[in-house]
Amino acid sequence: MSPVFVFARLTVQEASRRRLLLALVILTLLVVGFSAWGFNKITTVTRSDGTVLPAQQVTLISSQLLIVVTFMYSGVLALSAAVVAGPLISSEVESGLLLSELARPVRRSEVVIGKWLGLAILVTAYAAGSAFLELTAVDWATGYVPPHPIELVIYVAAEGLALLSLGLLLSTRLSGITGGVIALVAWLMAWIAGVVGDIGTGLQNSALQNVGTISHLLLPTDGLWRGAVYAMEPDVILATLRAAGTAGRANPFSAVDPPPTAFLTWVVVWFALMLTLSVWSFRTREI
Amino acid sequence: MGAAATAPAIHTVDLTKRFGSTIALAGLSMTVPRGEIFGFLGPNGAGKTTSVKLLLGLLRPSSGEAWLLGERIGDLETRRRIGYLPELFRYQGWLDAREVLALHCELAPLPRSTWKEEIKSALNTVGLSDRADDRVSTFSKGMQQRLGLAAALVGKPELVFLDEPTSALDPVGRHDVREIIRGLSARGTAVFLNSHLLSEVEQVCDRVAVVDHGRVIASGTMDELLSGTAVRVRVSGLDQAAKAKLAAFGPIDDEGEQLTFTKLDIERVPELVSTIVAIGGRVYEVAPRHQTLEDRFLQLLHEEEA
Numbered sequence: 001m002s003p004v005f006v007f008a009r010l011t012v013q014e015a016s017r018r019r020l021l022l023a024l025v026i027l028t029l030l031v032v033g034f035s036a037w038g039f040n041k042i043t044t045v046t047r048s049d050g051t052v053l054p055a056q057q058v059t060l061i062s063s064q065l066l067i068v069v070t071f072m073y074s075g076v077l078a079l080s081a082a083v084v085a086g087p088l089i090s091s092e093v094e095s096g097l098l099l100s101e102l103a104r105p106v107r108r109s110e111v112v113i114g115k116w117l118g119l120a121i122l123v124t125a126y127a128a129g130s131a132f133l134e135l136t137a138v139d140w141a142t143g144y145v146p147p148h149p150i151e152l153v154i155y156v157a158a159e160g161l162a163l164l165s166l167g168l169l170l171s172t173r174l175s176g177i178t179g180g181v182i183a184l185v186a187w188l189m190a191w192i193a194g195v196v197g198d199i200g201t202g203l204q205n206s207a208l209q210n211v212g213t214i215s216h217l218l219l220p221t222d223g224l225w226r227g228a229v230y231a232m233e234p235d236v237i238l239a240t241l242r243a244a245g246t247a248g249r250a251n252p253f254s255a256v257d258p259p260p261t262a263f264l265t266w267v268v269v270w271f272a273l274m275l276t277l278s279v280w281s282f283r284t285r286e287i
Numbered sequence: 288m289g290a291a292a293t294a295p296a297i298h299t300v301d302l303t304k305r306f307g308s309t310i311a312l313a314g315l316s317m318t319v320p321r322g323e324i325f326g327f328l329g330p331n332g333a334g335k336t337t338s339v340k341l342l343l344g345l346l347r348p349s350s351g352e353a354w355l356l357g358e359r360i361g362d363l364e365t366r367r368r369i370g371y372l373p374e375l376f377r378y379q380g381w382l383d384a385r386e387v388l389a390l391h392c393e394l395a396p397l398p399r400s401t402w403k404e405e406i407k408s409a410l411n412t413v414g415l416s417d418r419a420d421d422r423v424s425t426f427s428k429g430m431q432q433r434l435g436l437a438a439a440l441v442g443k444p445e446l447v448f449l450d451e452p453t454s455a456l457d458p459v460g461r462h463d464v465r466e467i468i469r470g471l472s473a474r475g476t477a478v479f480l481n482s483h484l485l486s487e488v489e490q491v492c493d494r495v496a497v498v499d500h501g502r503v504i505a506s507g508t509m510d511e512l513l514s515g516t517a518v519r520v521r522v523s524g525l526d527q528a529a530k531a532k533l534a535a536f537g538p539i540d541d542e543g544e545q546l547t548f549t550k551l552d553i554e555r556v557p558e559l560v561s562t563i564v565a566i567g568g569r570v571y572e573v574a575p576r577h578q579t580l581e582d583r584f585l586q587l588l589h590e591e592e593a
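Going down the list, the protein sequences come from chains X and R. With my numbering, the residue at position 148 of the first sequence is 148, and numbering never jumps. If you want my numbering, it's the 1-based position in the second sequence plus 287.
Bear in mind the hints are in silico, worked out from the structure with no lab data behind them. Given the structure is predicted, the values throughout are model-derived calculations rather than measurements. Hints may contain errors.
Within a straight-line C-alpha distance of at most 25 Å, the following computed DMTMM-like cross-link-like pairs (lysine to aspartate or glutamate) qualify [unchecked claim]:
#1 R:K428 to X:E14
#2 R:K530 to R:E511
#3 R:K403 to X:E14
#4 R:K428 to X:E94
Full structure from sequences and hints, please.
Set out below in structure tokens:
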């Protein structure tokens with residue numbers, strides 16, 4: 001087996017043996033259970049005249065609530081990816097664990113790519129698994145299914161992968177705690193910068209809009225989040241937001257358009273840059 | 288048979304490493320033949336571990352050149368034939384001993400059909416056969432060091448680097464490691480033993496180099512290095528000023544009432560005793576002996592400081 005796959009397997013195996021996967025599965029099942037109960041309550045809400053809400057209103061409420069719940073999932077994924085990726089290489093360098101392995105016929109690039117791959121498998125599996133469970137629960141509770149579930153999973157997973165890639169790059173040089181904290185702060189700043197960009201859109205202020213655009217280029221997590229939001233917006237909400245003009249776009253929990261192709265192309269380039277930088281950084285590090 | 292097959296296990300020419308303005312290794316030039324047990328001695332911070340890391344490609348030299356088994360350092364293929372026990376040894380606590388060794392077999396890489404026998408043999412050699420299926424996190428530090436030694440032995444390497452291999456071991460463990468090292472040499476494996484445990488080095492090494500402040504200050508076979516005589520004197524009544532008057536008798540290892548003259552011709556012993564008495568000392572015991580590696584080591588460091 002190529003060393004890339006050996007290190008990928010080790011990363012998955014470590015998460016499993018250290019019970020990280022078990023903890024995530026249990027927590028996710030709890031969240032899915034609670035949210036299923038909550039979504040189900042929407043269908044039983046009665047108006048002042050004693051009648052239940054019409055199906056269209058249930059769909060509207062469910063769609064917006066699902067966006068908030070998904071934000072929680074994307075947060076868990078981003079936090080987990082940053083916390084796990086931050087010490088992925090640095091802790092093994094500091095403890096000496098990598099010393100005897102790097103004395104084998106192993107390229108440092110294989111270590112970096114293998115660890116990225118292993119964690120990417122975990123992030124993608126968690127995004128797909130939790131989305132499947134949550135969407136199934138919402139469908140069961142309210143009959144609502146978002147318009148683009150596959151795209152939703154892809155955008156949420158890509159957001160986690162972006163944090164993982166940044167954390168791994170930092171891990172090649174900085175201590176685990178420092179790298180993890182920087183990745184988390186960067187994620188929050190990118191989200192806030194996205195909100196600032198929204199405000200700029202609402203106020204039609206190009207300087208503020210540029211803040212959002214630049215943050216999307218530096219760390220595309222917020223841009224990917226907007227893609228996930230768009231994948232969850234029903235047509236009726238999109239029509240309302242579009243009718244509201246620029247004001248309808250000034251909201252971090254709404255998206256009127258899918259991410260532009262140029263942005264998605266940049267995301268691919270960004271991932272390639274992050275991995276290349278990580279490999280270069282680790283290759284030139286003295287251990 | 289190519290030139291690489293008969294090349295020395297290690298050959299370095301002016302190998303130098305600087306960290307900023309600090310010189311960690313200053314022009315190391317040495318040759319370690321195949322099958323030899325080579326001791327690399329020095330006080331803490333002398334540049335021993337830096338040398339090993341340079342040879343293994345974990346650090347890049349600032350200047351100079353080096354070859355392992357006839358190939359330039361950093362060559363991936365050569366690493367198939369090398370074993371390494373780091374000074375800072377650590378293995379995945381969530382794997383069991385057998386899995387750790389399987390990982391090293393995989394990275395070596397060895398044919399899968401040989402893993403079982405390799406792992407069994409390595410575990411047996413280091414005395415961990417009965418703990419093969421236990422998680423490494425349950426191991427004592429000494430057992431982890433034994434496991435590290437086992438990992439260095441998989442694949443029957445032609446050259447093994449052991450960096451302070453007995454730092455966590457009890458006397459029985461140290462004895463076992465000496466036997467393992469002798470066994471490696473007997474089958475033709477060169478061993479580069481990094482250590483500051485001088486008695487250990489003295490017992491197993493064919494040749495040694497003493498390094499201090501990044502420079503080799505002496506090297507040779509044991510016979511070449513330990514040709515002198517040392518004299519241990521038990522004496523009272525001498526203060527530091529009086530002891531300073533004995534400097535003419537060579538380097539002194541001063542342990543209070545016990546003074547060891549680490550290099551002193553036996554013919555000068557009567558003169559030494561009369562001088563001690565003349566300056567007010569009371570002599571209780573005089574014990575000339577062949578110079579030990581510790582005597583020689585202290586003498587070299589003393590000369591280096593002077």
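message = Going through the numbered hints above, which ones does this structure break? Give me the numbers in ascending order.
response = 2
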